[in-house]
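Novice: Chains as they are written, first to last, in my numbering: chain C, 1 to 306; chain E, 307 to 582.
If you're looking for bench data, these hints aren't it; they were derived computationally from the structure.
Accuracy of the hints is not assured; some may be wrong.
Taking lysine-lysine pairs in the DSS-like style, the calculated list, with each CA pair at most 25 Å apart, reads [what the hints assert, rightly or not]:
#1 E:K321 - C:K87
#2 E:K565 - C:K212
#3 E:K579 - C:K114
#4 C:K90 - E:K579
#5 E:K565 - C:K87
#6 C:K275 - E:K321
#7 C:K65 - E:K321
#8 C:K90 - E:K565
#9 E:K321 - C:K90
Taking beta-carbon pairs under 8 Å as the criterion, some of the chain E residues facing chain C (in silico) [stated by the list, open to error]:
#10 T316
#11 I322
#12 H387
#13 M391
#14 R533
#15 C534
#16 V543
#17 K546
#18 N558
#19 G569
#20 I570
#21 L573
For glycine and all other residues, C-beta sits at the position ideal for the given N, C-alpha and C.
What follows is each chain in one-letter form.
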Amino acid sequence: MEGSLRVQLAGLSLDYPGILASGVLGYSAESMQRVIEGGAGAVVTKSVGLHPRDGYVNPTVVQVKSGLINAMGLPNPGIEGYVGEIKHVKGLICQPLIVSVFGYSSEEYAVVAKKAAEAGADALELNVSCPHVKQTGSEIGQNPNLLSEVVRSVKDVVKVPVFVKLSPNVTDIVRLAEAAVNAGADALTAVNTLRAIAIDVETTKPILSNIKGGLSGPAMKNVALRCVYDLREKLPEVSIIGCGGVSNWQDAVEFFLAGANAVQIGTAIAFEGTKVFQTINQGIKNYLEKKQFGSVEEIVGLSHRS
Amino acid sequence: MSDCLTAANTLRTTKITQVITESPSVKTYVFRDMQCAKAKPGQFLMLWIPGVDEIPLSILNATEGGEISVSVKAVGDATQHLHRMTVGATIGIRGPFGNNFTQTHGNILLIGGGTGTAPLLFLAKTLLEQSTENIKLTFIVGARTKNELLFIDQLNNVCQKGRLIPTTNDGTYGRQGVVTEPLTELLNQEQFDAIYTCGPEVMVKKIFEITQTHKQPLQASLERLMRCGIGLCGSCVIGKYRVCKDGPIFNNTQLDEIKNELGISKLSLNGSKTPL
Ligand SMILES: Cc1cc2nc3c(=O)[nH]c(=O)nc-3n(C[C@H](O)[C@H](O)[C@H](O)COP(=O)(O)OP(=O)(O)OC[C@H]3O[C@@H](n4cnc5c(N)ncnc54)[C@H](O)[C@@H]3O)c2cc1C
Ligand SMILES: Cc1cc2nc3c(=O)[nH]c(=O)nc-3n(C[C@H](O)[C@H](O)[C@H](O)COP(=O)(O)O)c2cc1C
Ligand code: FES
């Protein structure tokens, strides 16, 4: 029965199709272990760069209608400081560990990626789409030439699968995805947060210390779903991980039907707890049985077929 | 499923209605907030100082009518800024967040250090409101020196039928020494149905070790760096626990699981473990 939830993702085999999204509880080994115990098929770490970063002053997270806007500012201990934690998680979990990597140049991405892989990462996810830190993320994720260069420089130095996390803040996501795939990307994560802002009427000021941030949660789900649909239409072969606003099994199934092979979950953990993965797994299983589908893989992209 | 977001986490603005100077470095702020009116002792809120910062603070008191208070020690940029704010100033509030002290009756011991006394005072008042019959309160409260001892009048009040044991390092008020000394003496003589503590982590750690030796039930409130306050960002993690969501209150069993970090290390702003 368990087999029906198993998915293959760019050479990785996942017991369950739900993956912890980057930046959520992803600093410490014990919390990632807890997410795995909650039913996740794999975990993605907090994005790690070459040097330590403290991130922005609070408020770094603000709730809006049906979502959150965050501008954490990529706080991270730097890859040297994180290697120990990567090794520690590897000792605690059997499921794949995906290390999220960011940088300010293709050389930086390559250095960090190589160190993460050497420390034991089963795959890497390139964060080329953080909407609120200048000169990383968006700039790269919005420029096909820069993106190809980054992907190529990482592929040159690692053997593990490389995922590229795409930005929804572009006019044509397929163009960026094609650039990534042509440069050697093994899978696409779609998508990072949507650029957003929250303003307080009493003080008349933006709330986040960084002024702008990224919108996550149910508010962005149907945008992310459309991104996955567009990608699957043009790229029938590549592995796609849907991400954005998944909070229950229906959301997850919608992403599979749109063309995702797996989903990532972040924001829902704040409201449903780490057990959200188990609840979703059960819901998907019931759905597959009720509709007489043999596996998750059978319904991937089904909404495209007439 | 749009109810997956919570009313508690919605930021609302309110005005400071009263400021009380408690000691040279601590002020109490009073304001109205209907969400926090539901807060239970031990829970905390996130207070937004517009344009400056947003910081976690324990709830000192919450009335059904929605009058909330917090006590703040000036230690850095945000808290010093708050200390300069006066009645009528606008602040933002999220919360209440976290778990709360599990309430019980019988022979109860509370041990507070510094502003850590705030949630314990709230707890003591609540316990007495619910039953005065079968409760015996002992409150140990510690400070460096007399003028830093907080809430002494209110503590005398809640301890009318119980015992109040103030300690100061320099002996200017109550017993000279630290809170762990009267604690050890008490535990050599009697058993408690519950022991509650909040304060500097070195103190909490010592108290944990003493209660372990005497096999007495402890609930301790911990502090860690907080950003989201809702169990998402991972900034406040200790062991496998998120202080903002699984805590801030931890029992003996949980404290034992995190003893390698308790009083020793914490996550810094960049997420690396640093000495406390
Ligand atoms: C659950 C909880 C309840 C608290 N209750 C109270 C209270 O009732 N009264 C009180 O005076 N203080 C309380 N604190 C501590 C208070 O939040 C910090 O003193 C305050 O954030 C310091 O900010 P600052 O800018 O003035 O100082 P900074 O100079 O920024 O920092 C001084 C120290 O405060 C701590 N700190 C800084 N930022 C944060 C943050 N975002 N989250 C947690 N700790 C931080 C760090 O240990 C730092 O070393 C509580 C903390 C937590 C986690
Ligand atoms: C608090 C927070 C921190 C995040 N940090 C990162 C990060 O470091 N790197 C990254 O690639 N994405 C980060 N994200 C984006 C998430 O990984 C995810 O793409 C987004 O939140 C949408 O999914 P969700 O709606 O399930 O949360 C963060 C999101 C949140 C809410
Ligand atoms: S403050 Fe974000 S998880 Fe606790």
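Novice: Take the hints in turn and mark each one as holding or not.
Specialist: Hints, verified against the model:
{"no.": "1", "hint": "E:K321 - C:K87", "verdict": "49 Å, violated"}
{"no.": "2", "hint": "E:K565 - C:K212", "verdict": "39 Å, violated"}
{"no.": "3", "hint": "E:K579 - C:K114", "verdict": "23 Å, holds"}
{"no.": "4", "hint": "C:K90 - E:K579", "verdict": "18 Å, holds"}
{"no.": "5", "hint": "E:K565 - C:K87", "verdict": "21 Å, holds"}
{"no.": "6", "hint": "C:K275 - E:K321", "verdict": "38 Å, violated"}
{"no.": "7", "hint": "C:K65 - E:K321", "verdict": "24 Å, holds"}
{"no.": "8", "hint": "C:K90 - E:K565", "verdict": "22 Å, holds"}
{"no.": "9", "hint": "E:K321 - C:K90", "verdict": "49 Å, violated"}
{"no.": "10", "hint": "T316", "verdict": "6 Å, holds"}
{"no.": "11", "hint": "I322", "verdict": "13 Å, violated"}
{"no.": "12", "hint": "H387", "verdict": "12 Å, violated"}
{"no.": "13", "hint": "M391", "verdict": "13 Å, violated"}
{"no.": "14", "hint": "R533", "verdict": "5 Å, holds"}
{"no.": "15", "hint": "C534", "verdict": "4 Å, holds"}
{"no.": "16", "hint": "V543", "verdict": "5 Å, holds"}
{"no.": "17", "hint": "K546", "verdict": "4 Å, holds"}
{"no.": "18", "hint": "N558", "verdict": "19 Å, violated"}
{"no.": "19", "hint": "G569", "verdict": "18 Å, violated"}
{"no.": "20", "hint": "I570", "verdict": "15 Å, violated"}
{"no.": "21", "hint": "L573", "verdict": "6 Å, holds"}
In summary, the numbered hints that this structure violates are 1, 2, 6, 9, 11, 12, 13, 18, 19, 20.
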